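Residue numbers (the working numbering), protein chains in the order written: chain A, 72 to 213; chain B, 119 to 226.
It cannot be assumed that every hint is accurate.
Said to hold, decoys possible - Simulated coverage check for chain A against chain B, where a stretch passes if three residues somewhere in it have a Cβ under 8 angstroms from a Cβ of chain B:
# : region
1 : 115-128
2 : 151-158
3 : 172-178
Keep in mind that the hints were calculated from the coordinates and are not lab data.
Remember, predicted model here, so these are calculated numbers, not experimental data.
A virtual CB, placed ideally from N, CA and C, is assigned to each residue, including glycine.
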Amino acid sequence: MKMAARRICYLDSNVLISRITPERNSDSIAHYLHQASIQEFTFLTSVLAALEVNRFLHRTNNPAMTPSQFHKHEADALAGTELVRLNTQVLKRASAFPFPHLGSLDSIHLGTAQAIGASHFLTRDRQLLRACDEVGIKTTFS
Amino acid sequence: MSQLQTKHNRYRYWYHLFMSMNLRLSESLANDLKALSKETGKSQQELAREAIAEYVTNYKLLRFPPEIRHMIIPAEREFGEFYSDNPVTLPPGVTSEEIMRELRQDRI
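In isolation and in its complexed conformation, chain A is listed as follows (with noise of 0.2 angstroms):
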């Protein structure tokens, strides 16, 4: 049986970090991750972001968080997020971005998109919002 090949919405760290400290824009990237799996789209990340969410998790520097607290977390963050590897083909089109603003994890994270065909990209993040203007990835689904 084939099945039909969905569209992709590539989930930033700072998107699943926000399913697990609920904040001022958790609701809005809520309804818009709602918006996404009714209209079907698989979402994917970078490995990257499930190591972000680990040093995220690391950095909040809770000593009663116990370790299985701990992978709880991390997998609640990464739920139904399929992950893809960093390859030598996502380093290339990280390392092809002109932008000056862009970091060097930023542009991981958007040179994954790219290499995976993302139509959409969910970020919180300003820099990578322009980005994504920048090489005409979606950022919203109205």
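Based on the hints, put chain B in the right spot on chain A.
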């Protein structure tokens, strides 16, 4: 407890822990499996389990175009609710945005 009862209880434990199934194979596939088992030193059951696990993982990837399948690691869990039922407590006065900005501070 008799030895027979102990054996029976052990069987029930294993039966409920792992799903059991009968698999009917063609003669040629059965022969190939037997040969592979001999060659690898793994049991036929072990090889069948590995093959099914690999198939199930790969099946999840069929929704993606063939040229990117090798790059993808399937999600371990379904999406479920947007919010975690047990959110992370941040240090007082600190937002997740600030922490993320720090983590990506290699910008101009």
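We went through each hint and held it up to the structure:
1. 115-128: holds (count 6)
2. 151-158: holds (count 7)
3. 172-178: That given contact holds, which follows from 6 residues of the region 172-178 of chain A lying within Cβ reach (below 8 angstroms) of chain B.
Going down the numbered hints, you'll see the structure goes against none, and every one checks out.
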